[in-house]
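Colleague: Spelled out from the first residue to the last, the chains are:
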Amino acid sequence: DSGVTQTPKHLITATGQRVTLRCSPRSGDLSVYWYQQSLDQGLQFLIQYYNGEERAKGNILERFSAQQFPDLHSELNLSSLELGDSALYFCASSEQGRGADTQYFGPGTRLTVL
Amino acid sequence: AQKVTQAQTEISVVEKEDVTLDCVYETRDTTYYLFWYKQPPSGELVFLIRRNSFDEQNEISGRYSWNFQKSTSSFNFTITASQVVDSAVYFCALSEAGSARQLTFGSGTQLTVLP
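Chains as they are written, first to last, in the working numbering: chain A, 950 to 1063; chain B, 115 to 229.
These are calculated hints, taken from the structure and not from any lab test.
The structure presented is a predicted model; accordingly, all values stated were derived computationally and were not measured.
Glycine included, C-beta positions come from ideal geometry on N, C-alpha and C.
Derived lysine-lysine pairs resembling DSS-like cross-links, with alpha carbons at most 27 Å apart:
| id | chain 1 | residue 1 | chain 2 | residue 2 |
| --- | --- | --- | --- | --- |
| 1 | A | K958 | A | K1006 |
| 2 | B | K152 | A | K958 |
| 3 | A | K1006 | B | K152 |
| 4 | B | K117 | A | K1006 |
Here's a subset of chain A near chain B, in silico, CB distances under 8 Å, partners left out:
| id | residue |
| --- | --- |
| 5 | Y982 |
| 6 | G1007 |
| 7 | G1048 |
| 8 | Y1053 |
| 9 | F1054 |
Based on the sequences and whatever the hints tell you, model everything.
Modeller: Written out as structure tokens, the structure reads:
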């Protein structure tokens, strides 16, 4: 158990809908990362937050947004969903959000868009 | 830009054989960090090891060992006396001390250990 929690574990929805994925980092970690794992794109970085502030952005679509709250949990919002958004979404956390930090991953949320 | 290449898509071995998973990386940073993660069939990503670019000492942890060679930009992972429970997808990843603090992953190697 990495100490990072993600809910829900599975999510099935329809095209055009909006969903919210939730992540709680390990105790003491200030930085949260979101990654997407799909068959065709592999594991791709989406976005990073540190202590409530956005720190880095990767290949995140404009239809996707995220935030980190004062209690350090984070939410990833996916809207106008398309079939291609079906993937495993991981949240990871690290102490300070530096390159030197080890990122610990949550169990993931498997999103299926029908 | 940073890049990680895992040329072996799938490897199949028989239990008790040794197996080496290859990882080659590209980065312009002089300070960077290399990682290996394991993804078992249950789907979670499990951290195995982190190495700093300024520390080329190889590491052994039980049946696992890692060979870091800066000269060839490689960070290979060897499992000695493989077991069925080692069956998983293994990912090599890179982060940098500069702006690219996020992990850049290789495409992964599916290891199947047959009984």
